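These are the residues of each chain, in order.
There are 2 protein chains.
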Amino acid sequence: MRFDLDNSIDILRRTPATLEALLRGLAEPLMRGNEGQETFSPFDVVGHLIDGEETDWMTRARIILSDSADKSFIPYDRFRHRARNVDRTLDSLLSEFARLRADNLAELNGWRLTEQQLDLKGVHPTFGPVTLRELLAAWVVHDLGHIAQIARVMAKQYRDEVGPWTPFMPVLTDHEVPRS
Amino acid sequence: MRFDLDNSIDILRRTPATLEALLRGLAEPLMRGNEGQETFSPFDVVGHLIDGEETDWMTRARIILSDSADKSFIPYDRFRHRARNVDRTLDSLLSEFARLRADNLAELNGWRLTEQQLDLKGVHPTFGPVTLRELLAAWVVHDLGHIAQIARVMAKQYRDEVGPWTPFMPVLTDHEVPRS
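Sequences listed follow chains A and B, in order.
Those letters in the first sequence? Residues 1 to 180, by the numbering used here.
Those letters in the second sequence? Residues 1 to 180, by the numbering used here.
None of these hints come from the bench; they were simulated from the model.
No incorrect hints appear here.
Below, a list of computed lysine to any residue pairs in the SDA-like style, where the Cα atoms sit at most 25 Å apart:
#1 B:K121 / B:S66
#2 B:K121 / A:L172
#3 B:K71 / A:P167
#4 B:K71 / A:M169
#5 A:K121 / B:R159
#6 B:K121 / B:R2
#7 A:K71 / B:F168
#8 A:K121 / B:M169
#9 B:K121 / A:G163
#10 B:K121 / A:F168
#11 A:K71 / B:D160
#12 A:K71 / B:T166
#13 B:K71 / A:T166
#14 A:K71 / B:G163
#15 B:K121 / B:D4
#16 B:K121 / A:M169
#17 B:K121 / A:T166
#18 A:K121 / B:F168
#19 B:K121 / A:P167
#20 A:K71 / B:P164
#21 A:K121 / B:T166
#22 A:K121 / A:I9
#23 B:K71 / A:G163
#24 B:K71 / A:F168
#25 A:K121 / B:P167
#26 A:K71 / B:M169
#27 B:K121 / A:P170
#28 A:K121 / B:P170
#29 B:K121 / A:D160
#30 B:K71 / A:P164
#31 B:K121 / A:P164
#32 A:K71 / B:P167
#33 A:K121 / B:G163
#34 A:K121 / B:D160
#35 B:K121 / A:R159
All of these numbers come straight from a predicted model, not from anything done at the bench.
Construct all of the structure, not just a fragment, from the sequences and the given hints.
As structure tokens, then:
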């Protein structure tokens, strides 16, 4: 599939409503359950997505589009949310994420990016030069990967409840060595 | 986590709205893209979930709760949707799924199942005796597994667009040998 900016913004716009439907008011053991030590619960994932809105995707897009000679991205803290959200509720994080995402997409839409601008590059701290197009595609994939993760982590809380169905439900045995 | 009927019904109730947010009006290549031959696109998954509402979960629950001496489940056709939905739109399938799910949950709620009833058994065509509790837990896990699948399959349509991010996005390389 060729990258299409409108389709990509369309997917990014769906994520807050998807998470609302899946998570608002969810029972505590489902909201806080994870796949083992150092892995993310649904609560953690929403916090991580908020961090992405505030410190990752749009921050890096602005660097690429800036007049600065130095296009290096600032490394992104995948665990900022842990300390930040200690006293927060999941429902308040969902509202905050929806607000941040709406603001970011309004800004992104306002840029009316051309194909030439999508070819502009920044420098990723790990893998070097990346285009704005690749950054925006990675944002979309990052959202979808974390939606898949939330559904998988919720499913795994039922792993002892399905009895003989376990081998027929691949989502229960995906990521035996968990990755967050 | 111990099986809780109310929490399980709560998750089952979320699925139509989750799929609405993720899929209604989605661009054709994203709606129809899959992970390779014989795997499900998002369109296929919604059709498969409709088949589940009409021929699988509640049908089997009714068999378990019936007065019949024979509690054998009828084998379930995982590919019924392929012929059934040839002329359908995704949006019409989403509406149909939401209606069927609402009806099924109204019936399930109306049963006011006791712990004793949740222990009752039926006979699965592949793995033999299963309890009503296990059947309902499997229904929940089945929903969540297919939500994860839809997000993963959508993400994979971007696999050539993210450039050097690929190895850092596990959702793109999950299920190298695809399972539907």
